[in-house]
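If you read the sequences in order, they're chains C and B.
Just so we're aligned, residue 4 is where the first sequence starts under the numbering used here, counting upward by one.
Just so we're aligned, residue -1 is where the second sequence starts under the numbering used here, counting upward by one.
What the hints contain is simulated information worked out from the structure, not anything from laboratory work.
Take the hints with a grain of salt, since some may be wrong.
Capping the alpha-carbon separation at 27 Å, the derived lysine-lysine pairs in DSSO-like fashion look like this [as the list claims (entries may be wrong)]: (1) B:LYS69 / B:LYS19; (2) B:LYS19 / B:LYS198; (3) B:LYS69 / C:LYS328; (4) C:LYS328 / B:LYS62; (5) B:LYS63 / C:LYS328.
Non-contacting residues of chain C with respect to chain B, defined by C-beta distances greater than 12 Å in every case (computed) [to be verified]: (6) TYR95; (7) MET181; (8) ALA208.
We treat Cβ as the ideally placed atom computed from N, Cα and C, and that holds for glycine.
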Amino acid sequence: MAPRSLSARLLASASVLLIVFFGITIAALDIVFRNLSEQTMRDRLEGQLLALITASEEDPDGWLQPAPAKTEERLENPGSGLYGEILRSDGYPSWRSNSLTGTGLDFKTHLRSGERAYVQLHRADGAPVRALSRAIDWQFEDGVVRTFVFSVAEDLDPYYRSLAAFRGRLFGWFGFLMLLLLGSFALMLRRVLSPLRRVEREINAIEMGNLTELGTGYPRELLGITANLNALLRSERERLARYRNTLGNLAHSLKTPLAVMRNVLNHPQVRALPVARQLDEQVSRMDDIVKYQLRRAAVSGGTGLGSAPVNVRENLESLRSALLKVYADRGIECTLEVDGGCVFFGDREDLTEMAGNLLDNAFKWACSKVHVRAERLTAPKARRDGLKLIVEDDGPGVPPEQRSHVLARGTRLDERVSGQGIGLSVVRELAGLNGGSVTIDESPFGGARVEVTLPPA
Amino acid sequence: MRVLIVEDETALRESLVQQLKDAGFNVDAAADGEEGLYFGREYAIDLAIIDLGLPKVPGLELIKKLREERKAYPILILTARDRWQDKVEGLQAGADDYVAKPFHFEELLARMQALLRRSGGWAQPVLRCGPVALDPRTQEVTVNDQKVELTSFEYRILEYLMHRAGEVISKTELTERLYAQDFDRDSNTIEVFIGRLRRKLDPGDTIKPIETLRGRGYRFALEREGASAGAVDS
Chain C
4 MAPRSLSARL
14 LASASVLLIV
24 FFGITIAALD
34 IVFRNLSEQT
44 MRDRLEGQLL
54 ALITASEEDP
64 DGWLQPAPAK
74 TEERLENPGS
84 GLYGEILRSD
94 GYPSWRSNSL
104 TGTGLDFKTH
114 LRSGERAYVQ
124 LHRADGAPVR
134 ALSRAIDWQF
144 EDGVVRTFVF
154 SVAEDLDPYY
164 RSLAAFRGRL
174 FGWFGFLMLL
184 LLGSFALMLR
194 RVLSPLRRVE
204 REINAIEMGN
214 LTELGTGYPR
224 ELLGITANLN
234 ALLRSERERL
244 ARYRNTLGNL
254 AHSLKTPLAV
264 MRNVLNHPQV
274 RALPVARQLD
284 EQVSRMDDIV
294 KYQLRRAAVS
304 GGTGLGSAPV
314 NVRENLESLR
324 SALLKVYADR
334 GIECTLEVDG
344 GCVFFGDRED
354 LTEMAGNLLD
364 NAFKWACSKV
374 HVRAERLTAP
384 KARRDGLKLI
394 VEDDGPGVPP
404 EQRSHVLARG
414 TRLDERVSGQ
424 GIGLSVVREL
434 AGLNGGSVTI
444 DESPFGGARV
454 EVTLPPA
Chain B
-1 MRVLIVEDET
9 ALRESLVQQL
19 KDAGFNVDAA
29 ADGEEGLYFG
39 REYAIDLAII
49 DLGLPKVPGL
59 ELIKKLREER
69 KAYPILILTA
79 RDRWQDKVEG
89 LQAGADDYVA
99 KPFHFEELLA
109 RMQALLRRSG
119 GWAQPVLRCG
129 PVALDPRTQE
139 VTVNDQKVEL
149 TSFEYRILEY
159 LMHRAGEVIS
169 KTELTERLYA
179 QDFDRDSNTI
189 EVFIGRLRRK
199 LDPGDTIKPI
209 ETLRGRGYRF
219 ALEREGASAG
229 AVDS
């Protein structure tokens, strides 16, 4: 599973928590509401029953029925939802309310004196009804005691309707509340996480070379991370600079003695000795080894974190003017063709080293013309553009069978003849460390065409 | 030709001074950037060889300062660092060429001669003025393709005059460029050498290569051949 973002995780957890919390709350409120309604209904039925008993009068035939004036009006109206019945203990109805007409409701009470029943019944059409019955011994004026069952019932529909309305409102309000909570939580998260997003943005900018380090003003909790990251970036840059400086000093201190040795070997008396030539060759070898190894070691080969993208045109132009100076006698024409917005994402020295070696080679071999072209390489998903560097000359070129050899040279120093130059192998090595490759071809001008491709990343 | 060497490594400096003297140059040597800056400012120098890794004032800085003070003589860098960044920076600062250590003296000499030639406005390796030809590489002088035998000092005077053919060069300047500092500067000696040169180059007194401008100095009067458009400048 792909790792989700922090805010998505937090929002998901909060949603689950809220749903559980609100679910329990809704269930509890529902139970309370139902119990309360039930109680209210029962109390109401008790009241109706008592009213019915109180209103009842006996007639001479030994029947009981409520006095019309004292009868609850709803009992008289069919379809009112309130029903009543007085039943003699032998099962004969003494009185049935008008509202019972057409309902087909049967109280089915077989109570003995003093018993009560509170049940749910159904009308003939299936609608539920709550009924309360009570059996009472009634002493008539003639002294005879007869048992009657008094019953009242009420339709449950209104109760269910109000329950449904209650639930609807409950869900509505709680849903609204939950959305409100989640929304404010999301906003809060955004605010809380905004420093993290800033870190991300700034790290991107550092990778792209638009920033050298993370900014200030981070919250206390992040300061540890940002400060350490900055320290790391700084120390990495300083380390590379220090490292290069040390290597430079090392080169200086190794090569100056070699230069002295070579000068001593050039002394007329020494030069005449047979060993002089041999010693000179050894000096050349040592020079090559120092040159190759130190050059390799000085290569950053990395992304150059926090260093600005190198302007390829500027870089090539300064190399071009430098080489035109050095090769002033040769009268070489050097043309430069650079795509707009062409930059190198990496270490300036790596680019200078690659281009310097390529151009130097071209100038060395060209008859009259060197052409340099830099192309911008793009890819849809790449964060950094690539770079293609093509250097062509009109010199003798490199025969196809020697091309791979020229590039591979330098890996086995012992096999190399001194003075052949290690330029192209350095270029290959540098291109490789920067994720690219080098190919040698024939130029339309007749000489060599060396192409360095650093793909977009 | 007067050359300044700024190199901190004593052994290398001394051996270079000796070899350059042997090659006919008038050499000044400085062991650090500060001394180099002083010499480079005060002396009439034709070419400076500057090591990049110098104590006190770094080589790069030294070159920049000399160029800021409009010192136009060619500057050759000696560098132990092989990185292109260093070379480019040196050349951008105002140097004209570089030689990487360890070098063969012959290579250094060839580069120096090329720079000197270019600074005098010469495009070809052999300096030709009318029938007179001088090859700095072999130090051979010919008149109408006939080799002329010159002493070392005569050659140095002729080389300097031909390098700047067409320009008036005072006696003082000639002494400064050709004699070592501690040499007894007697301008009469110059006159003697000029007289000898005239006799050797122009025994019949027909081509009159060297002109004397009373009170101002000398001028190599023959027309240049194969000269480039202008002198090297930075």
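Broken hints, by number: Checked against the structure, no hint fails, so every one of them is satisfied.
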